[in-house]
Each structure stands twice: as structure tokens, then as C-alpha cells.
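Two independent chains are provided; combine them into the complex using the hints.
So the sequence lines, in the order shown, correspond to chains A and B.
Each number in this note's numbering corresponds to the 1-based position in the first sequence with 1126 added.
Each number in this note's numbering corresponds to the 1-based position in the second sequence with 22 added.
Since the hints were derived computationally from the structure, they do not count as laboratory data.
One should not assume that every hint holds.
If you want a taste of the chain B side facing chain A, the calculated C-beta under 8 Å gives, among others [said to hold, decoys possible]: (1) 92; (2) 97; (3) 99; (4) 101; (5) 119; (6) 130; (7) 133.
Chain A is faced by these chain B residues, among others (derived, beta-carbon under 10 Å) [said to hold, decoys possible]: (8) 73; (9) 76; (10) 78; (11) 118; (12) 183.
The model shown is predicted, which means the values in this text are computed figures rather than measured ones.
Built from N, CA and C at the ideal position, the CB exists for glycine as well.
Single-letter residue listing:
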Amino acid sequence: MRLINRRPGRGAGRLLSLLPFAATLVAYLVASALRRAENPDDKLLPSFAAFGEAIRRMAFTADPRTGDVLLWLDTAASLERLIVALAIATAIGLVLGVAIGLLPYVRSLLGAFVAVISMVPPLAILPILFITVGLGEAAKIVLIVIGVAPPLVRDIALRVGDLPPQQFIKAQTLGASTWTVVWRVALPQILPRLLDSLRLQLGPAWLFLIAAEAIASESGLGYRIFLVRRYLAMDVILPYVAWITLLAFLMELALLALQRRAFPWFAAARAEA
Amino acid sequence: MSTITIRNVWKEYGDLVVLEDINLEIAPRAFVALVGPSGCGKTTFLKMLLSEELPTRGVIELDGAPIPREPSVERGVVFQRYSVFPHLTVLGNVLLGRDLQAGGVRGALFGRVFGAQRVAAEKEARELLTAVGLAGAEAKYPAQLSGGMQQRLALAQALIARPKVLLLDEPFGALDPGIRTDIHVLMRKLWHERALTVVMVTHDLSEAFKLGTRVVAFERRRNEPTDGGRYGAIIGRDIQIWPTRVAGVQQRSDQISASGRDDPLPQSEQRRDDPALNGAAG
Chain A
1127 MRLINRRPGR
1137 GAGRLLSLLP
1147 FAATLVAYLV
1157 ASALRRAENP
1167 DDKLLPSFAA
1177 FGEAIRRMAF
1187 TADPRTGDVL
1197 LWLDTAASLE
1207 RLIVALAIAT
1217 AIGLVLGVAI
1227 GLLPYVRSLL
1237 GAFVAVISMV
1247 PPLAILPILF
1257 ITVGLGEAAK
1267 IVLIVIGVAP
1277 PLVRDIALRV
1287 GDLPPQQFIK
1297 AQTLGASTWT
1307 VVWRVALPQI
1317 LPRLLDSLRL
1327 QLGPAWLFLI
1337 AAEAIASESG
1347 LGYRIFLVRR
1357 YLAMDVILPY
1367 VAWITLLAFL
1377 MELALLALQR
1387 RAFPWFAAAR
1397 AEA
Chain B
23 MSTITIRNVW
33 KEYGDLVVLE
43 DINLEIAPRA
53 FVALVGPSGC
63 GKTTFLKMLL
73 SEELPTRGVI
83 ELDGAPIPRE
93 PSVERGVVFQ
103 RYSVFPHLTV
113 LGNVLLGRDL
123 QAGGVRGALF
133 GRVFGAQRVA
143 AEKEARELLT
153 AVGLAGAEAK
163 YPAQLSGGMQ
173 QRLALAQALI
183 ARPKVLLLDE
193 PFGALDPGIR
203 TDIHVLMRKL
213 WHERALTVVM
223 VTHDLSEAFK
233 LGTRVVAFER
243 RRNEPTDGGR
253 YGAIIGRDIQ
263 IWPTRVAGVQ
273 QRSDQISASG
283 RDDPLPQSEQ
293 RRDDPALNGA
303 AG
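Next comes chain B alone, as it looks inside the complex (with noise of 0.2 Å):
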């Protein structure tokens, strides 16, 4: 549960500027959607989130102290793939992050717990697991699981190492709409129940608007070739990218936040047919 402050950050790669300037700050408890055309910047933004990249200019704070230079436990991630490890079995995978904290000089050397502290792991595991509906899953390999499983292990594995923020980087965008559907409803639980701030990339537009409680809009506002790459993503407000569609969706998805509702939102599948949105969200 952490307010995170974005100051005037720069991303540019030699010449090429990705982001421009961004302005930022994201309450304790939001579920932030990034959401922009490919190339915005969205994913670099959430990797400088992460700390696997580093702005050029500008600060990133969380709870006022600027962000560790590397990734670190208080910032956990769940990618689109390759987030679970697959040489452990799902029960490996969450105590991962157990054992990669294990004090002392046998835990730093082995990156394992042991004895007591193992059994109190184990368990905690076994009940994420359950949460994540993986029970009973516990001793396949990720590659016996299907993607659906996959991203429910990774967010189980991300949780157990109680992250003050989430970063999601399209982690449901390879998934079928049924399944994604089903992840939605576990991801907002998750939400709901734990301290967490969330913060989202996704090119999937209505589920920025099914989960978020506010949506982010990456836009350029200036993309000539002739530019040279000179101009950068700005945030533009959702508004800017769908106008007709924010204002009432962004009612009601603060109604969720505040009163800590299922959402009232209709089926995605409905809207996910209609050919503006897949021009808007590709």
C-alpha cells in the first residue's frame, strides 16, 4: 500500500525520445491501466517502474523515497510469459519467493528455507495456491499447466513475496477470452483483498476499463517519420484515446474502489467484437 510519484521523467534512447516529461502520481491502492497505441512507450514505462531500465531524467518515488536502481521485493511483476520457472514444479515456483529471502548464511548460500520456517512456507504456499485456484496442481511442472494456470501461478508467486505494488505487464493478453475472463475475476479479488497498488499495461482496452479504477493513456502527440524521433509519449487522458466511453466507465469503476464491489460492468465479449475498440486498442 504505496502512493507512487512519477517527476518529470524522460526515457530517450540516443536520439530517440520515448517518453516525454511524465507527470504521475498514483495513489496507495490504485489499479492503474496503462494503455496506448504498440511503441508509446507503455512497456518501458513499466519497466522503469521495475527498475530494469532507468529514466534519463526525472525521479520515480515510492512513499517519497526515490526507487531502489534494480528490481526489488517491494515492486513484484507478473509478464505476459516466462514468469514462472520451469525447472520447479508449481509449489517450487511459489515458495521461490520464500526461499530467495531466507535469512541467514545457509539460506543466502542455498537460497532456500529450512526446518520450521520451510513448513511455514509450505503452507503459506499451498493456501495461495488454493486462492489462485491451483490446488492440486502443486507438484506439476509450468509447461504441464496451461497459460491460464501459467499466469495464475505467476500471480501467486508474485504475491508471496508481499509486493507493496504489482506490475502487470499484459499478463492476460495471450490468454483465450473465456479464460481471461476468469482471470479477471481472480485478479480484481486479489486486489480487492491485499494491500496492493496495481499498475497494468495492457493493450486490451476494455479490460483496462473492466479492472482499472483509472485508465492511463500513452499517446505521441507528434509521429511524423520526418520527426526523427524528437517527440515523445506524453500522457494524454484516456478521454484523448476514447472519449464516449471514459467518463461513465470511470464512474463507475472508482464506484468499485470505493465501496469495494464486483463489477457491475457488462460481459467484455460484447464489446470486444465491435471493430472501433480492436482499431483503438491494436
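Chain A on its own, in the form it takes in the complex (with noise of 0.2 Å):
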């Protein structure tokens, strides 16, 4: 049988997903372990006595200094600024890609122009935006928004040119506005075609949000890592890259219930187009 034919079955499928998981665990535990039993103070590849003690300092006491918990402290602060930078992306995304993608005066005034901005690259322009918004919050969540906005726009607005034309025809002989149309007909459609983009803009958004905190901040999971990196704790560093890999998981499997949740019409709808 050729191989494009043959296929696993349930549990074999489970079985060779969970494979490279395990692979890279083994090769970590074997690499660790080789290192330590050379030299049993190495910092490089810790054991996982270690990163639970470092779990423990950083996740569950309380830092002598400030009283506060460091990795809820740092969560709490790169959360907080992600949310609402891709809250704004998403509000100019939405304005924007509806309006470019409906409207040929919009179209013919911005669509080169947000083609030509998304060619920017974000990080190029962060210490225009230090000098000019300052090295606080904002720059940081200005960042994500420039870097996250524009492909949202240029993706909602290619959704919505994907919309089949009949139906806007066919609303305005049902007596729809302009506006109707797009209260009615197009936002409605965009919204779960939304959420798919904004899940595949999580992770430059977590990018950005990284490179800003790394460069300038108090806190933050981006500003940690790099702080501890000085000392070469890789204890610390490494739970922090799976907690942000898990956080990042788990906003994209939020929003995948989301759009199934409150768009139950739209896989099929998907499916038959």
C-alpha cells in the first residue's frame, strides 16, 4: 500500500502525537544528566529537582524583598498588556478591514497605504517608539498594536471581499443601508473569521511583547527571563518559556471554543463554501 494511503488508527494516532513530546524529554533528561555527572553544579541543563525548586522560589513564595509572588506578578503584567494591545488591534482591525474590504472609496484610499505599513517591521521602529512615547506601558502596548494591527486589517479585509457578492445584492433588495449591510451581513460573518486571524496572530503578539519587556520594563514574564538570564538560570528561564508556551495554548484553545460556542453555524457554513 502506498504511504499516502495508509493511516493510523485511534490509539496508534495518540501514540505517535505524544512521541515527539516524549522524544524531547528523554533527550533532555539523557543530555542533563550526562552534564551533571560531570560537573554536578552545571547551570546549563538543570535537573528537574531543580526546576521544581525554582518553581517553587518563583510560583509559590512570596520574594523577600518586595512581598510580592514573581511569576503572578509577571503573568499578571504581560497579560495585562497583551489583552489590551490585542484589544485595539482588534477594534482597528475590525474599523478598518470592514471598511476597506466593503467600501471602494476605502479601498482606493487605504489599501496600499495598510499594505505598505505592514511591511514595517515592528521591532525596527521600537526605539522610535521609545524616544517618542516614552519607555512605560504604552510603548509596549503600542508595539504589539503596530505590529499585530496591520495583518489583522489586511486579513479581515480580504475575509470580507471573500464574502460571496450575491448576498450584499441581495440585502439591499431587501432594503439594507450601507451601515445595515454591515451591521447585518458582514460583521456577523467577519466575527468568527476574526478569531481565526486573531489566533494566528497570538504568537507575534507574544513576540512583540517579549522584545518590548526584554528591552525596557519592571516586570513581566519577557523582563524576568532576560534578568535571570544574567545568572544563567536556566532553571528559572525554561518553566517560564512553558508557562508563556501553555498561556499561549490556552488563549488559542479559549478562542477555538469561543468561535464555536457563540458561531455554531459557521463550520458548517465553512465547510459547504
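Here it is as C-alpha cells:
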């Protein structure tokens, strides 16, 4: 039988998907054990016991100087920035994206401009942000917005354009105005697609967040990682990375669940189109 | 119930002439079937009746006044696909015609009718759904319906806006033959019951003759590649498309519109197998 026609059974499929995770874990354990056999004080690949100790210290013990539990402090600071920035970017994406996708005049006015703007590497203008809006929260949020909003605008404009033109004609024959076409026809069909775009932008959003925190911040997950890097504290960095990955993964799952719950029609409609 | 007058209408895309000097007067309550080979401009013609496209030259009038330059409520439409909104339930799709015409600031802002008006609109929508055979499916989404049911829904949705003219763009072309026969019965019933002038584009000649009071055939007199698209389609008579059948059928279909009785024509399934017919309809 050809390889393209061979399919794993359910159990085998599960097992296969777990395999890379297990392999990574085993590779780490072996490498860590080898290094620590040579040098018990090795900092590069700490043991799981060391991780446990670091997690206890960062996540469950108040910092002796400030009285804060650092992991939660960092998580709250980072999530606040991320969520505020994503909310702003989503609002920009929806308003501009629907306008560009639906209104020929706005498309002529802004289409090319947004296409060019979205090519500007956001990290390259981070210094400009620090100079103009200072080193505070605003700079970090603006960086994420600048990084995430243009692709959202373009994606939503494209998806509005992908809606069958018959729908807009039909709505007009039923008496719709431009605004009610937006409100009753375009927006409700764009929202589930927006959640898809947002999911894809989570990666870049985290990237910009951590970059901004690494450079100028007093709290946040990215700040902590780059702070303890000075002490080669891999026992803190790796759990932080795992925690960030988990958070991003949970956000993705939440967006997927929201899409399923709030737009029950969407999966079937997408399958049909 | 209204007269459509098409006077000296041309449609050109740059050098390409699609339609050439079309003149047509469609009587109130007529059921006009537009037929013709692929690419003859019959759909372009329908789009102009809808104002989805504008004539290059000439005028289209509805009851003596030029039609608006954009789609409007007096001209309803059912397309072959994408006529209904996937994000609305069956009931929501029909209610939309009332919702979008809601008056007042709140109506214009939300595109929705409220209160007693909503109750009345829902009642009307449910009656329409019963009339098209979709009672019981109110809460479903279009993706849960078969193709035939989706087109029934599209008809109900178009009719709730009470259009004077109903434009149909190959509305039943994608349906299985049996389902198509059922929906033909419904279509004729709706046309009898409501004050509608219907213009239907179809590539199915038997459908055209079965439903129409008038079959208009579009035709390109010259379609040589060397012409460079300088000659658009004109209205040939139906006789020119299918001479032997038209006269008798046209008489019969005239009878239908005069008496309002149902169609005594033979079942279309027998005719659909006719290879010559299939060739002409392509």
C-alpha cells in the first residue's frame, strides 16, 4: 500500500502525537544527566528537582524584598499588556478591515497604504516608540498593536472581500442601507473569521510583548527571563518559557471554544463554501 | 405588478459588446424565461435589471420611471447560490426582509424590528415559510438544509420584501431533477398567488417552457473569433432557438397565464433525456 493511503488507528495516532513530546523530554533528561555527571553544579541543563525548586521559589513564595510572588506578578503584567494591545488591534482591524473590504472609496484610499505599513518591521521602530512615547506601558502596547493590527486589517479586508457578492446584492434588495449591510451581513460573518486571524496573530503578539519587555520593563514574563539570564538561571528560564507556551496555547483553545460556542453556524457554513 | 420597459440597451466592456440594442417590454405579471447559450449575456441582462450592472447605453424603466442605479426593494432576487445568509436561522433569513426595512432610529441603527412589529413580522415570516414548505425548520441554519430547501428559503426571503419584480438567476439549476420538479410546482403557485412579474434566467429549456408565459432567447448572430467581440447578443425569438416546440408550447403557456390553471404540460423528465435538447440548452 502506498504511504499516502496508510492511516494510523486511533490509539496509534494518539501515541504518535505524544512521541515527539516524549522524545524531547528523554533527550533533555539524558543530556542533563550526562552534563551533571561531569559537573554536579552545571547550570545549563538543570535537573527536574532544580526546576521544582525554582518553580516553588518563583510561583509559590513571596519575594523577600517586595512581598510579591514573582511569577504571578509577571504573568499579570504581561497578560494585561497583551490583552489590552490585542483588544485595540482587534478594534482597529475590524473597523478598517470591514471599511476597506466593503467600501470602494476606502479601499482606494487605504488599501495600498495598509499593505505598505504592514511591511514595516515593528521591532525596527521600537526605538522610535521608546523615544516618542517613553519607556512605560504605552510603548509596549503600541509595539504589539503596530505589529498585529496591520495583518489583522488586511486579513479582515480579504475575508470581507471573500463573502459572496450575491449576499450584498441580496441585502440591498431586502432594503439594507450601507450601515445595515455592515451590521447585519458583514460583521456577524466576519466575527468568527476574526477569531481565526486573532489566533494566528497570537504568536507575533507574544513575540513583540517579550521583545518590548526584554528591552525596557520592570515586570513581565519577558523581563524576568532576560533578567535571570545574567545568572544563567536556566532553572527559572525554562519553566517561564513553558509557562508562556502554556498561556499562549490556552488562549488559542479559548478562542477556538469561543468560535464554536458563539457561532454555531460557522463550521458547517465554512465546510460548504 | 408592473411593466418593465427596456429601450435600446447596450452593454459593452471596453471593445467587447455583450448585448446589442435590446428592446423589450415585459407586461405586468408576466413570467419571462430568458434562455440562450452560455456567455450570450442573459445573466448580464438580469444583472442590469437588478442594477448590479448598469447599461452602457439605453434605459430600463419600471412603470415608466428609470430604475434606480443600485439594487432596491422593488426588485427581489434569487441566485443559484449564496442567496441566503449562512449566519442566520431559517426564520432569521426570512425576517431579514422586515428587519432591514425597519423604521425609526433604532430600526436603522440595528437593522431590526422590535416589539409588536416584530411579533407581526415573525407571524408573517412563519406563514411564508409554511407556504414554501419549510414549516418546522425555522430554527435551522441554511447549511443544515438541502439545496432545494435552501432555494425555497431564498424564495420566501425574497417575497417577504414584497418586490414588484422577482428576478431569478438559474435558481433551480443546481438541483436534482425530482427536487426541481417539486420546486417548479411551488414557483408556479407563488407566481399565481402573488402580484409578481418574474424574469428568470435558465439554461434549461424545458424549465423555461414549463414555467414561462414568454420565452425570450438571446443569441449572437455572429460569434467568430475574428470579429473581436464587436457583435453583441440580440434578442432572437424563441423560434430561432427551438422552432418546432415554441408555437404550441407558447400557446399552452399563454393559456396558463390567462386561465390561471396549473400546467397541463407533460413531465419534463421525459424531455430532459432528449439529446438534441441538451445540446441546445448547453
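Going back to the hint list, which numbers does this structure go against?
9 and 10
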